[in-house]
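K.L.:
If you're matching them up, the sequences are chains L and P in order. The numbering used here puts the first residue of the first sequence at 10, with every later residue one more than the last. The numbering used here puts the first residue of the second sequence at 117, with every later residue one more than the last.
Don't read these hints as lab results, they were simulated from the structure. Take these hints with a grain of salt, some might be off.
Straight-line Cα separation of at most 27 Å, DSS-like style, residue types lysine-lysine; simulated pairs [claimed, not checked]:
1) L:84 x L:113
2) L:177 x P:212
3) P:142 x P:208
4) L:177 x P:248
5) P:212 x P:142
6) P:248 x P:208
This one's a predicted model, so the numbers in the text were calculated from it and none came from an experiment.
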Amino acid sequence: MSRRMRVPGTSEKRGTKRTEVSLSAFAFLFSELVQYSQQRVSNVEELEGRLKQMGQEVGERALEMLAWREKGTRKETQIVGTLSFVHTVVWKALFGRAADALEKGTQADNEYMIVDREPLINRFISVPKDLGHLNCAAFNAGVVRGVLVAAGFPCQVSAHFVPQDGYKQRTVILIRFDESVLLREEMKL
Amino acid sequence: MGLYSLYVINKSGGLIYQRDFADIVKMDTNDTLRFASIWHSLNAIATQISPLKGCTGITHLEAESFDLHCFQSKTGTKFFVTCTSEMQGVPKLLRKVFDLYTDYVLKNPFYETEMPIRCELFDVNLERLVAKQ
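Next up, chain L with everything else stripped away, as it sits in the complex:
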């Protein structure tokens, strides 16, 4: 099991070599984030909301930094391009590998899904039964929302556990774009 996770370096040059951070350090920090939030909320939805909010702040900053540091990125104006950016570049920068799948939702036109079979964030977390369907990958959903909103694609995002193929922690991040985004897409084509 890899004990280091990658984090963008602190130098200002483009395409700088990646530095790595201890996975344990991140796990403890995130554990404290969750505990801190838990003391200030009264139910599961609020806790997920708080984690999402924190993720959003990370996402906004991640977009700025990755747009500058990653070679070959250009401003994405289409849904598919932006989602692909999130699915590969953002995930690689934050978690060291690309997300597992990017799918279009079947139930509505504005729904897309990013699938992660084993979110790094949830690796050490066992949710007790009395917290029900809490998924700490709500933080990842927040990151996605931060990136998308900052890139000009307003949307709603949520994270859900969808175990499959023996991956008990498989998480699907559901993205619902606003009407305005769909209209804009149609106009371009």
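Starting from the known structure of chain L, arrange chain P on it as the hints suggest.
P.N.:
Just chain P now, kept in the frame of chain L:
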């Protein structure tokens, strides 16, 4: 594979985790709690009566029908197992259990320190570790 059971006790001597790995006579919960606090007190006594300085506790106990190995972390949490006398590599196994503890228990935001361990991932990975032995 001769592992009988695993016990984890916190720094005040309270039992926080207990698991049997073989078909042995099962103790009821009160007995396991008593067993854990007796072991904790024995360790404390051993540090006092040791003829050498710097004794931190008992690491190995040999009885007629079983062996008991104990590992104590720097924070006072003790991990001990009862097993057959022929079993090899038990101290290493205890260190691996400690690794699992630091990963799936301490990094779990829903675990309160010194409380009984109820973390699914810890159980699952512990079973996997013991099955590999």
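K.L.:
Residue 84 of chain L and residue 113 of chain L: Cα distance at most 27 Å?
P.N.:
holds, 22 Å
K.L.:
Going straight from one Cα to the other, do residue 177 of chain L and residue 248 of chain P come out at no more than 27 Å?
P.N.:
holds, 21 Å
K.L.:
Take a quick look at whether residue 142 of chain P and residue 208 of chain P sit within 27 Å of each other, Cα to Cα.
P.N.:
holds, 26 Å
K.L.:
What's the verdict on residue 177 of chain L and residue 212 of chain P, does the C-alpha distance respect the 27 Å limit or exceed it?
P.N.:
Satisfied, since the Cα-Cα distance of roughly 23 Å is no more than 27 Å.
K.L.:
Under the criterion that the straight-line Cα-Cα distance not exceed 27 Å, is the pair residue 212 of chain P, residue 142 of chain P satisfied?
P.N.:
holds, 25 Å
K.L.:
Residue 248 of chain P and residue 208 of chain P were given as a pair; does the straight-line alpha-carbon distance stay at or below 27 Å?
P.N.:
holds, 13 Å
Hint compliance for this structure: no hint is broken.
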